[in-house]
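**Student:** Protein chains in written order, with UniProt numbering: chain W, 1 to 119; chain Y, 1 to 515.
Hints listed in this document are in silico derivations from the structure and should not be mistaken for laboratory results. Backbone N, C-alpha and C fix where the C-beta goes; we use that ideal spot for every residue, glycine too. Mixed in with the good hints there might be a few duds.
What the hints assert, rightly or not - Calculated Cβ distances over 12 Å to all of chain Y for the following chain W residues:
1. Gln77
2. Phe85
3. Ala91
Unchecked claim - Here are the simulated DSSO-like cross-link-like pairs (lysine-lysine), alpha carbons at most 27 Å apart as the crow flies:
4. Y:Lys386 / Y:Lys154
5. Y:Lys245 / Y:Lys43
6. W:Lys63 / Y:Lys43
7. Y:Lys245 / W:Lys4
8. Y:Lys30 / W:Lys4
9. W:Lys32 / Y:Lys328
10. W:Lys32 / Y:Lys13
11. W:Lys32 / Y:Lys416
12. Y:Lys319 / W:Lys4
13. Y:Lys70 / Y:Lys13
14. W:Lys32 / W:Lys4
15. Y:Lys326 / Y:Lys416
16. Y:Lys386 / Y:Lys493
17. Y:Lys386 / W:Lys4
18. W:Lys4 / Y:Lys43
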Amino acid sequence: MSVKAISDYITQPKDTVANFNGMQVVYVHWAKHLMYCSPFAFLVSPDMTLAGFFAEVLRPAIKDHPDSTRVDFMEAQWLLNGQGFSPTPEAALLAQGIDHKSMLTLNTPGLNGINGCAS
Amino acid sequence: MATNKKKLSLKDKYQYLTRDMAWEPSYQSKKDIFPQEDFEGIKITDWDKWEDPFRLTMDAYWKYQAEKEKKLYAIFDAFAQNNGHQNISDARYVNALKLFLTGVSPLEYGAFQGYSRVGRQFSGAGARTACQMQAIDELRHVQTQIHAMSHYNKHFNGLHDFAHMHDRVWFLSVPKSFFDDARSAGPFEFLTAISFSFEYVLTNLLFVPFMSGAAYNGDMATVTFGFSAQSDEARHMTLGLEVIKFMLEQHEDNVPIIQHWIDKWFWRGYRLLSLVSMMMDYMLPNKVMSWKDAWEVYYEQNGGALFKDLERYGIRPPKYQDEANKGKEHISHQLWATFYQYSQATNFHTWIPSEEEMNWLSEQYPDTFDQYYRPRFEHWQALQEKGERFYNNTLPQLCQVCQVPALFTEPDDPTKLSHRSLEHEGERYHFCSDGCCDIFKYEPEKYIQAWLPVHQIYQGNCEGADVETVVTKYYHIGAGQDNFEYLGSPDHKRWQAIKGQKPDESQAAKPKNAA
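Start from the sequences, fold in the hints, and give me the full structure.
**Tutor:** In structure tokens, the structure reads:
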């Protein structure tokens with residue numbers, strides 16, 4: 001469907017990658033760790049390596065969770081936009097398909113949050 | 001018009017002062033005068049069927065409202081002179097007022113603008129008059145709310161710049177985008193959204209918690225505002241029902257259009273009210289009732305009866321009603337946990353519920369609180385006691401439609417995040433639920449232009465790149481004054497001074513962990 005309007009209804013998406021000054025947004029959700037209330041939204045360079053992203057962006061973001069020290073990002077199970085995904089640590093984000101407004105889901109079997117309640 | 005009677009009957013007066021003030025145009029076509037009446041597809045065959053159940057006329061309106069307001073302002077004056085703020089249950093209560101003033105009062109103003117606009121667009125004089133009067137009601141409400149709360153602004157933080165904040169602060173984009181969506185819709189959708197879905201179906205869930213909450217917590221200024229507004233609200237609700245029945249009775253082609261609007265605006269309203277759920281369960285020191293109970297009484301029972309009544313027009317209950325009913329067990333806890341961790345970026349304080357309050361939550365939510373939410377709060381409490389109060393230093397993913405962070409869980413699995421996404425013209429969009437995703441799919445052009453606060457910060461449009469700069473410079477939230485943990489905050493200390501208590505620094509807010 002589309003908008004019913006009194007005249008031509010022409011709009012532009014507000015959040016195209018061109019509006020982010022060379023950067024892009026990447027979301028990460030850590031499944032069964034809902035203490036972090038929603039997926040993280042990060043502003044990163046598309047040329048950043050995944051290893052760099054893990055070390056400099058994601059690791060500090062989850063550091064306050066008691067499970068965080070037991071997470072091995074390379075051993076974890078990943079989804080990229082809902083599809084299975086094998087991370088290539090040395091490759092850039094964009095080069096391995098992690099483009100603007102992509103969502104990574106981190107699954108860490110065996111780690112089920114505070115008291116095992118998915119928190 | 002010549003008449004021998006000195007006093008007109010109510011019916012005659014209504015006729016003279018509303019319907020008879022309209023005329024049949026002779027040198028302009030009706031379509032040119034009311035250009036927005038047709039484009040939504042709603043068919044009106046006879047505007048005279050529009051019934052105003054109150055038959056209120058302007059002269060009576062002015063007289064009645066003036067008397068009410070005289071009394072209201074007398075009570076505000078007395079409240080201020082007697083330092084009424086010292087008699088509330090606890091200063092934590094004031095945080096509910098901060099949420100109300102920044103999140104709800106500007107919506108009253110939005111409603112004023114909305115009714116002023118649509119009141120111009122109907123060729124039926126009865127509808128025009130009703131919209132005009134409701135517009136004035138809404139304008140009065142925003143003014144009286146500001147005046148009711150202005151006394152608190154002299155004694156507590158966070159109430160100083162609500163209009164500025166409403167347009168900018170991340171969580172206030174939730175109410176703002178709700179009303180912007182309604183106001184940018186056609187006139188009939190606006191009526192369905194605001195008069196029916198919001199005023200009729202959901203408004204009790206907004207007004208009862210805040211006004212009863214005020215009564216239970218000793219806030220006589222806000223209670224008095226509530227009583228004053230109540231007669232207006234009753235009128236708006238009755239009108240909301242009349243509006244929907246009128247549209248449905250006019251033409252059967254209207255039914256599917258209105259059904260779609262009911263589905264949409266029920267869900268948008270439900271998401272907006274998640275802010276109220278947290279206020280009820282967590283922000284009121286003296287609780288009125290739980291969000292779950294309120295939802296059962298005001299939606300499941302009252303709404304159930306309403307939609308039973310509308311069945312004969314071919315209207316069914318809102319599409320995602322079952323999801324909303326399931327959510328009653330969860331949303332208040334999820335929202336409070338969100339605001340607790342992002343308290344560095346809010347104009348109000350948050351805190352861990354006391355042991356007594358947690359026990360109350362366990363009793364009210366026997367199937368969910370202990371299992372899913374208590375461990376989270378107790379973990380944070382333990383950190384706080386060690387001086388490591390938890391703040392989330394990242395920014396959240398927001399739903400493209402409701403603009404709430406994507407924080408809700410699947411209706412049937414509270415351990416799993418509810419997340420939807422789709423691609424539209426090469427861009428990826430994210431949503432909190434099927435309800436919001438559906439709304440997007442129906443009118444994608446409307447939501448691709450959403451002003452999402454997180455993305456706006458990242459695009460460099462909010463006067464800074466880090467949270468503290470955005471919060472202080474762009475939001476006008478005073479860092480260390482208005483935001484962060486309640487314990488040890490200036491509000492808390494002021495309250496202790498009022499009550500002659502010794503400050504307890506043991507659990508004080510230590511924002512060293514904050515961004």
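**Student:** Against which earlier hints does the structure fall short, listed by number upward?
**Tutor:** 4, 6, 10, 14 and 17
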